[in-house]
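S.K.: Protein sequences, first through last, are from chains A and B. Under full-length UniProt numbering, the letters of the first sequence match residues 1 to 400, in that order. Under full-length UniProt numbering, the letters of the second sequence match residues 1 to 309, in that order.
Don't read these hints as lab results, they were simulated from the structure. One or more of the hints may lead you astray.
Claimed, not checked - Distance ranges between label pairs, derived from CB positions:
id, chain 1, residue 1, chain 2, residue 2, range
1, A, T317, B, L159, 45 to 51 Å
2, B, L291, A, G165, 31 to 37 Å
3, A, I15, B, F127, 45 to 51 Å
4, A, N315, B, V67, 40 to 46 Å
5, A, I195, B, R125, 49 to 55 Å
6, B, E169, A, D303, 55 to 61 Å
7, A, S202, B, L56, 57 to 63 Å
8, B, F127, A, N206, 51 to 57 Å
Claimed, not checked - Covered stretches of chain B, as calculated for chain A (at least 3 residues, CB under 8 Å):
id, stretch
9, 104 to 113
10, 116 to 124
11, 236 to 245
12, 284 to 294
Unchecked claim - If we take Cβ atoms under 7 Å as the criterion, some of the chain B residues that face chain A in the derived model are:
id, residue
13, I35
14, A92
15, P95
C-beta: ideal position from N, C-alpha, C; glycine also.
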Amino acid sequence: MNKTTKYGLLLLLLIALPFIVNATPFLGPTWVRILGYAMLYVMLALGLNIVIGYAGLLDMGYIGFYALGAYLYALLSSPHLAESGLVAAALDWPFWVIIPLCAIVAGVAGALLGAPTLKLRGDYLAIVTLGFGEIIRIFMNNLDRPFNLTNGPQGINNINPLHLGDHSLKNTWSLFGLEVTPVINYYLVFLAIVIFVIFLSSRLENSRIGRAWMALREDEIAAEAMGLNKRNIKLLAFGMGATFGGVSGSLFASYQGFVSPESFVLMESVMVLAMVVLGGMGSITGVVIGAVILSVMPELFRDLVNAIQPVLVNNITFISEDTLRNVLDASTLRMLVFGFAMVLVMRYRPEGLFPSTRRRQELHDKDDEPFDSAHYVKESSHAKISADEPDNRDTTGEGR
Amino acid sequence: MEILLQQILNGLVLGSVYALVALGYTMVYGIIGLINFAHGEVVMVGAMITITMLSLFQSMGIELPGVVVLLMAMMISVPACMLLAYFMEKTAYRPLRKAPKLAPLITAIGISIILQNLAMMIWGRGFKSFPSVIDVEPIDFMGATVTNLQIAIMVVAVLMMLGLWFLVEKTKLGKAMRATAVNQEVAGLMGISINHIISMTFVIGAALAAVAGVMRAANYGQADAYMGAILGLKAFSAAVLGGIGNIFGAMAGGILLGVIESLAAGYIGDLTGGFLGSHYQDIFAFIVLILVLVFRPSGLLGERVAERA
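Isolated chain B (complex conformation) (with noise of 0.2 Å):
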């Protein structure tokens, strides 16, 4: 019993941060169509740069508490993340936006290439430790032990899912993106402009995964430059079992697709009689994407999957 409440408590953690990423992907979905491959790496950039903003304050020397330095290097790391997605908009994808559906692909996969790459020369190709700023304290928690970072992951995970909440439903902005997702043309028309609804979408989907990088770094205690090719596809993986261009569907997909990970992970071992081991943990996400793909295209709260290629 312990065990299973440990596993669900690891896969909400996890799910928080792959519905945080989700949200980035679903978001750019929703408005142009396009599956923003290089998202991930976004993720990547903004550990690493959370990274060494932390050792320079600690190398610097400044006696803070360590919250305090943690949110200091997030405000530079976040608006970093901001601006990269920003031009990447603008160099990669807005030129082709109204090419055929597999340039801005491809793009999207350069881009994602050359911000892994970039990562490796600028930061080499091994781990990078996160410095412990935070005191990690474990808590009981009946039975199954789950440490205050942890919590913290997912108070603000939840406090950050409320905000873009409140943008999307609450405010002009908000209103002007749900417009350019239903008809770009119209809502163009209707005196928005479209571009720059666009580019707000990127890079409020940059700062998302920018905040889930540190979580993810902080958790493990550690970053590399490969780190966002995967959790990218896992964060795609969510908003799909989700509904992808929904936004509540890559929350829930997220979280679901965390606890569904941690839970395969724990229990496949038992289940296969020893043949398949929480080596397989990553294959989970992927097993989960096709079968969704099958069974239910739409995903768990979506309604527009089936268009034509």
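So here's chain A without its partners, still in its complex pose (with noise of 0.2 Å):
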């Protein structure tokens, strides 16, 4: 089988996958709608793999880009800021509006939020951007006065469908007798637009840019002297993965129909980073595997707790019913998993399960290891090399 019938083959699956899993009685139309929130799940961990994987730098707001986009999706076509008395008609952009311009907005916050922090270390920025997430979330939080922009913690209703015209992703219609339901319509626009951003990440990873993230990520000193410009490029991954953030964030409102600041609380932003490291960081394939894993395993996990937690607790009496309760949440253990995992990972395969063989071979090179002496270092490595990769040693640049 060559590349293009598996890739066909596997194109055919993912159209025919809703339609399976909406017709198959245990999971339905629910089901259908969490692989809509796994596919914007990928978009968001693509759009970080460029700034953490490729250029390595630690992102830690990146929700905020998906907040802007989804609030100003929410502004500019939902009836609310008519309602709020801020314009006098109900806004209804057209999305081909829209979402360039949240991608601009994002992508200049993203460059912004970039600037100060280029010249300091990278462990600065993963804080600024904490910071940043945490700004935007407080602003959105309390914009409901002293006019009402964002309708503060209750958030934005009302939200439009992705629409052209009449046409709208909230119409149902049927296609050779199969029902086209509005969760199938969105699902497979997204899986449109995932197939476009990781058609663009991977133009992206084997371009000059790309190339120039991966040298400064790698020894930015000899970046430099290579004749890179360091300030440009970087800010461009900030804007570049913003921009992924921001269209995403959009996608979003108009897939869930309202937007509330609870959508985009810090531990959000840990879960997508939570994606990027599983997957293993610069690795598109890893990361889409990382992201749909870790959005799909957490709604499994969330039925079987439910399904196990009445059980328990009629069961158990020797502990209390609350703390019962507290331990089997949903939630907090889906939490624990991923902290667990963002632990283990960077102990045990700091590569990610599916890893890019460039970064692979970062993370196991032992040039710098402080008290060995060169020699042993150098032994030591080939040894590992070898073992691992016999025929690995030219392309490694080990041994030369």
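Take the two lone chains, each set in its own frame, and fit them into one complex as the hints suggest.
M.R.: This is the structure in structure tokens:
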């Protein structure tokens, strides 16, 4: 089977998936919806992968850009601004204006945020971006007075679905007798966008810019000596990553129909980060798989916990009921699993579950181990690489 | 005038807590160059264990002065936090000491999430109120009000900072810590056990953090599983403001940040004509952080920051 047939089959399977899931008795429309969210997470994770995976910059406030996109879409495509008296009539901008606008606003915000931290060590960036994510959320939570821009903690309701004239993704239509429901519509549109994003990511990865990002990630001084403009390239990484976030945010708003600040808490940033880390930073396949696993798994988990919890609560008497409920809380357990995943992956397989070749080599490079003698280092790294990948010595540059 | 004085006093109390937490960040950063994201969680664990112990003592009907009961509770919570930090360092950070910078940073975030959610499992999601073991009495100070508890917080914070100064500058352990911070390999060659010193740094930081957590919980009368995250961020901002890696910087930065935050929250409504209110209090720390990074990345007292990532 050649590559084209393989990808063609995969694509067919992905297109058929929502119909199959919809018809399966235990899954049904709820799970099609979850698949739609999984697609959004794939987009987010691929965007964050540009910043963390390619450029090696730890962005902890990534969800802030998602929030920007979502609120921008919500404001421009819902009756909210008219209701709060800020504009005369309900806004209903077409999506082909809003989505590019979200991309631009998020991209500019990303670059602006990156600017002050360029000269600093990478870990400052984590804190500054984290702070930025919180600032965005605090503003969204509080900008309901003195004039009602974001409707505070209640969030914005009645957001229009993606539509072009009368053709809306909220319409059910039939294709050869198959009923295509709104959630399936959204899934298919998201799938198309995800494929485009994957294409874009892989083109970026192998472009001049992508190579520049990786060069900066691996050795900043050497990269600068080769004539790379560190500032512009890093800002581009921020901007590009944020753009992806902004676009998926606007899609999220239209998909969900409402937005509220609690969708954009710090833990969401952490979750996207966990997806990228688990899958393998810098590897598109890895990040996609990581995002799908970590967005679908918690839902399975929730079903499982909801099924088990009443049984345990009824049968275990030696622990108090409250404690048991706290321990068996689906979202707590989920975050706990994310936390352990991050620690264990970094500890035992820092390149992620499905790594990119280059990242893997970088992380297993023993060149700058401080205490060993040069002779020992060379020998041990040879041994390591030849045991792992026997024919790889030429390409890694070891033993030159 | 009274309002100004009141806000400054509140700021000093807030700042003492920030300073104690910031010390933990700055010591760890100074010695191994890692932002210990889980430090805020140690603060939370300290507060929660103290509250649990106090409730336990109350239910046991122990009739002792409040201060003694509180000290007894802290005799348990502080060592518990020190142990926690010790194992945290040993399991999550030590194996990654030679890995690329991103790796320990991500495990730190992971540890922080684990601790937060474990705390939620043990203590639940809601607020735990701080048992009223100490009779809080307001004292009038030139028109402003300050409670005896707040005075105690400031005094204890200053004492702990003096103790830390003594430890770092005057003892052998402190000398070893400073040597390790300057150059790990050379310090190792001089017979200093690097692993031991790094563990000790984490443990001392955790002790300060646990006390800070108790102060915070006592001052607000409550604690919850989320309190560490935002407090940790602000304390980190304070450490950067003072110059990260510099112990006096963390003290000064913490107190300064507390005062800035308190004043800004008190006056932002007037300054912006009612557009922004005191509910924006949480953003000032980040604004300060970003401004410091733009205009004086080395902080007030620090020197070494602009290294490469």
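S.K.: Each hint should be assessed against the structure and marked as holding or not.
M.R.: Each hint tested on the structure:
Distance hint check: the CB atoms of A:T317 and B:L159 are about 48 Å apart, consistent with the given range 45 to 51 Å. For B:L291 and A:G165, the Cβ-Cβ distance of about 48 Å falls outside the hinted range of 31 to 37 Å, so the restraint is violated. For the hinted restraint 45 to 51 Å between A:I15 and B:F127, the CB-CB distance of approximately 49 Å keeps it satisfied. A:N315 and B:V67 have their C-beta atoms about 45 Å apart, which keeps the hinted 40 to 46 Å range intact.
Look at A:I195 against B:R125: about 39 Å separates their beta carbons, and that is not inside 49 to 55 Å. In this structure the hint that B:E169 and A:D303 lie 55 to 61 Å apart at CB holds, the actual value being about 58 Å. One distance hint, 57 to 63 Å for the beta-carbon pair A:S202 and B:L56, holds here, with the actual separation near 58 Å. Checking the proposed 51 to 57 Å range against B:F127 and A:N206 shows it holds: the Cβ atoms sit about 52 Å from each other.
Remark: the stretch 104 to 113 of chain B is confirmed as covered by chain A, as 9 of its residues place a Cβ nearer than 8 Å to a Cβ of that chain, reaching the required three. Residue count for the stretch 116 to 124 of chain B with a Cβ under 8 Å from a Cβ of chain A: 8. That meets the three needed, and the coverage hint holds. For the stretch 236 to 245 of chain B, the proposed coverage by chain A is satisfied: 3 residues have a C-beta within less than 8 Å of a C-beta in that chain, meeting the threshold of three. Against chain A, the stretch 284 to 294 of chain B contributes 7 residues with a C-beta closer than 8 Å to a partner C-beta. That satisfies the three-residue criterion, and the hint holds.
Proximity of B:I35 to chain A holds as hinted, the smallest CB-CB distance being about 5 Å (cut-off 7 Å). Because the closest C-beta pair between B:A92 and chain A is about 6 Å apart, less than 7 Å, the hint holds. Because the smallest distance between the Cβ of B:P95 and any Cβ of chain A comes to about 6 Å, under 7 Å, the interface hint for this residue holds.
The structure fails to meet hints 2 and 5 from the earlier list, while all remaining hints are met.
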